[in-house]
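Visitor: Here is what each chain is made of, one letter per residue.
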Amino acid sequence: MPTITFITAEGKQHAVTAEIGRSVMEIALEKSIPGVVAECNGSAACATCHCYFDPAFTEAIGPVGEHESDMLDFTAAPRRPESRLSCQVRVVDTLDGMTVRIPAMQ
Amino acid sequence: MAHAVPVVSDIAVSDLLADPYPIYKRLREMAPAVYVDSARLALVTRFDDIMAIERDSETFASSNPGSLVNKVMGHTMMRKDGEAHAMERRAVEISFRPGTIKNHWAAQFEATSDRLIADIESQGAADLFDTLAAPMASLALIELLGLKDVSWQTLACWSQALMDGAGNYSGDPEISARATEAAAGVDAAIDAVIAWHRENPNPAVLSSMVNAENPMNIEQIRANIKVIIGGGLNEPRDSILSLTLGLLSNPAQRAEVMANPDLGPLAFEEAIRWISPIGMYPRRVTRDVELSGVELRAGDQIGLCVGAANRDDRRFDNPDSFDLFRPKQPHLAFGAGPHFCAGAWVARQMVGRIVVPMLFSRLKNLRLRPDAPARIHGWVFRGPVSLPVAWDI
Ligand code: FES
Numbered sequence: 001m002p003t004i005t006f007i008t009a010e011g012k013q014h015a016v017t018a019e020i021g022r023s024v025m026e027i028a029l030e031k032s033i034p035g036v037v038a039e040c041n042g043s044a045a046c047a048t049c050h051c052y053f054d055p056a057f058t059e060a061i062g063p064v065g066e067h068e069s070d071m072l073d074f075t076a077a078p079r080r081p082e083s084r085l086s087c088q089v090r091v092v093d094t095l096d097g098m099t100v101r102i103p104a105m106q
Numbered sequence: 001m002a003h004a005v006p007v008v009s010d011i012a013v014s015d016l017l018a019d020p021y022p023i024y025k026r027l028r029e030m031a032p033a034v035y036v037d038s039a040r041l042a043l044v045t046r047f048d049d050i051m052a053i054e055r056d057s058e059t060f061a062s063s064n065p066g067s068l069v070n071k072v073m074g075h076t077m078m079r080k081d082g083e084a085h086a087m088e089r090r091a092v093e094i095s096f097r098p099g100t101i102k103n104h105w106a107a108q109f110e111a112t113s114d115r116l117i118a119d120i121e122s123q124g125a126a127d128l129f130d131t132l133a134a135p136m137a138s139l140a141l142i143e144l145l146g147l148k149d150v151s152w153q154t155l156a157c158w159s160q161a162l163m164d165g166a167g168n169y170s171g172d173p174e175i176s177a178r179a180t181e182a183a184a185g186v187d188a189a190i191d192a193v194i195a196w197h198r199e200n201p202n203p204a205v206l207s208s209m210v211n212a213e214n215p216m217n218i219e220q221i222r223a224n225i226k227v228i229i230g231g232g233l234n235e236p237r238d239s240i241l242s243l244t245l246g247l248l249s250n251p252a253q254r255a256e257v258m259a260n261p262d263l264g265p266l267a268f269e270e271a272i273r274w275i276s277p278i279g280m281y282p283r284r285v286t287r288d289v290e291l292s293g294v295e296l297r298a299g300d301q302i303g304l305c306v307g308a309a310n311r312d313d314r315r316f317d318n319p320d321s322f323d324l325f326r327p328k329q330p331h332l333a334f335g336a337g338p339h340f341c342a343g344a345w346v347a348r349q350m351v352g353r354i355v356v357p358m359l360f361s362r363l364k365n366l367r368l369r370p371d372a373p374a375r376i377h378g379w380v381f382r383g384p385v386s387l388p389v390a391w392d393i
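Chains as they are written, first to last, in UniProt numbering: chain L, 1 to 106; chain Y, 1 to 393.
The hints are simulated quantities; they were obtained by calculation from the structure and are not laboratory data. Ideal placement from N, C-alpha and C gives every residue a C-beta, glycine not left out. One should not assume that every hint holds.
Okay, derived cross-link-like pairs now, BS3-like style, lysine-lysine, Cα gap no bigger than 25 Å in a straight line [said to hold, decoys possible]: (1) L:Lys12 x Y:Lys328; (2) L:Lys31 x Y:Lys328; (3) L:Lys12 x L:Lys31; (4) Y:Lys25 x Y:Lys364; (5) Y:Lys364 x Y:Lys71; (6) Y:Lys102 x Y:Lys71.
Pulled from the structure, derived: some chain L residues nowhere near chain Y, Cβ distances all over 12 Å [to be verified]: (7) His14; (8) Asn41; (9) Gly42; (10) Tyr52; (11) Ala60; (12) Ser69; (13) Ala76; (14) Pro81; (15) Gly97.
Estimated spans, in silico, between C-beta atoms of each pair [to be verified]: (16) L:Glu19 x Y:Arg115: 48 to 56 Å; (17) Y:Asp313 x L:His14: 23 to 31 Å; (18) L:Glu19 x Y:Gln329: 22 to 30 Å; (19) Y:Arg26 x L:Glu19: 39 to 47 Å; (20) Y:Asp191 x L:Thr8: 35 to 43 Å.
Kindly generate the complete structure, drawing on both the sequences and the hints.
Guide: Here it is, written out as structure tokens:
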């Protein structure tokens, strides 16, 4: 199983093994990583699972969907090129070693 | 060891309607779930418990074979789970996307709000319930849905009749008859425009439904339009009034919002935490399960009191006060989980960015009237039912 490292807004690192097929948001909740709120539990409706994903993995993660992109314009913390809704990113083998930064606000 | 759900029999529905908050406080302190005789539901009132329930829709289902909503409106997405729910939700989502709202709906909401305020501007006093909040919410919903030739009063009547029908637990025949009549009115209004929407794709909900990747059939359209009418009118209406009331009652916060309109959305979130327009909604327990130490049984009906959770003092300091500067953290006014309010972004834009800021900037020295205090009512749905104000002309 790939290892993903969450970095909280305060800079604390949490390296976790992530089950393939789950969303990164689900992994964060399961491992009680603080800062991922996920009010809509993965329906891409709330934009409170916003995270900054390691740019080196952009290709492995896959493209931003149209609806997701729309939501990302309304995140509480500023949108950056590496912004994604973590509920829309599925864990795959090739994400091993990726870091995910959690913004200060959701 | 887990305990059985305690039962209380000394709470009258009229007490809940008048002011549910002291009751919620008592229930919150008593147990994670308390069966309230008069409501015929086990009420869940703590923030963390509701959040946990909404993350497990297999154990706590929205679908409910005996639901009155199904009887009155048909089989709506509000009472479906899993993929069946997700597919219907996707079919309407595009109309409610923040981008669609900003680029398309915002200008229409602004025009409507401008017209309604212009109508009262010279009067110096009004009740904002029927001069602004109710027509605004209704007219916005007519546009959003894509209905034509329906007056705001008619839509408001349909909405009320459908909701009354869905809550008609005593089976009052008059309420049933009015709900049936409203349902027929909605069906006819849909029939009048559906072909047009099929041929002219546009951002309205009816157009999204027929032109989606998985288009809805006519039964699905009828049921879901009804649930949006029943559930989509009073929330923006009530939140316009609660936000206005919150700001008028707290002059310092009002001054800050007027100086910095970007605080509008924050103030809106606080208003719906403070007085959540949807105070309670039901779920059905599908298997025996323990909830923070109490035993729930398969088949139990539970009521998630988000209005209570949003004033849970484990979560919010001074929960009963309106304070838009409280530390930002999630509330449950839009629900949580797969049924998270589809209209959340519409409401944020319409109420927090357009209507309320426009009201305060246009009506000078807007103030409450000590001789005619605001009245707030309800628990399942709660909001001001009268908000008399005055201003300088
Ligand atoms: S959990 Fe709501 S958008 Fe991801």
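Visitor: Does each hint fit the structure? Answer for all of them.
Guide: Hints, one by one, checked against the model:
1. L:Lys12 x Y:Lys328: Since the Cα atoms of Lys12 of chain L and Lys328 of chain Y sit roughly 21 Å apart, the hinted pair holds (cutoff 25 Å).
2. L:Lys31 x Y:Lys328: 23 Å, holds
3. L:Lys12 x L:Lys31: Cα-Cα ~14 Å, so holds.
4. Y:Lys25 x Y:Lys364: 38 Å, violated
5. Y:Lys364 x Y:Lys71: 48 Å, violated
6. Y:Lys102 x Y:Lys71: 36 Å, violated
7. His14: 20 Å, holds
8. Asn41: 4 Å, violated
9. Gly42: Violated, because the least Cβ-Cβ distance between Gly42 of chain L and chain Y comes to about 8 Å, which does not exceed 12 Å.
10. Tyr52: 19 Å, holds
11. Ala60: 26 Å, holds
12. Ser69: 8 Å, violated
13. Ala76: 8 Å, violated
14. Pro81: 18 Å, holds
15. Gly97: At roughly 28 Å from the nearest Cβ of chain Y, Gly97 of chain L sits farther out than 12 Å, so the non-interface label holds.
16. L:Glu19 x Y:Arg115: 48 to 56 Å: The hint (48 to 56 Å, Cβ to Cβ) holds, given that Glu19 of chain L and Arg115 of chain Y are roughly 54 Å apart.
17. Y:Asp313 x L:His14: 23 to 31 Å: The hinted range 23 to 31 Å holds for Asp313 of chain Y and His14 of chain L, with Cβ atoms some 30 Å apart.
18. L:Glu19 x Y:Gln329: 22 to 30 Å: Roughly 28 Å apart at Cβ, these two residues keep to the hinted range, so it holds.
19. Y:Arg26 x L:Glu19: 39 to 47 Å: Check passed, 42 Å falls within 39 to 47 Å.
20. Y:Asp191 x L:Thr8: 35 to 43 Å: 54 Å, violated
Violation of the numbered hints given earlier is confined to hints 4, 5, 6, 8, 9, 12, 13, 20; the remaining hints are satisfied by the structure.
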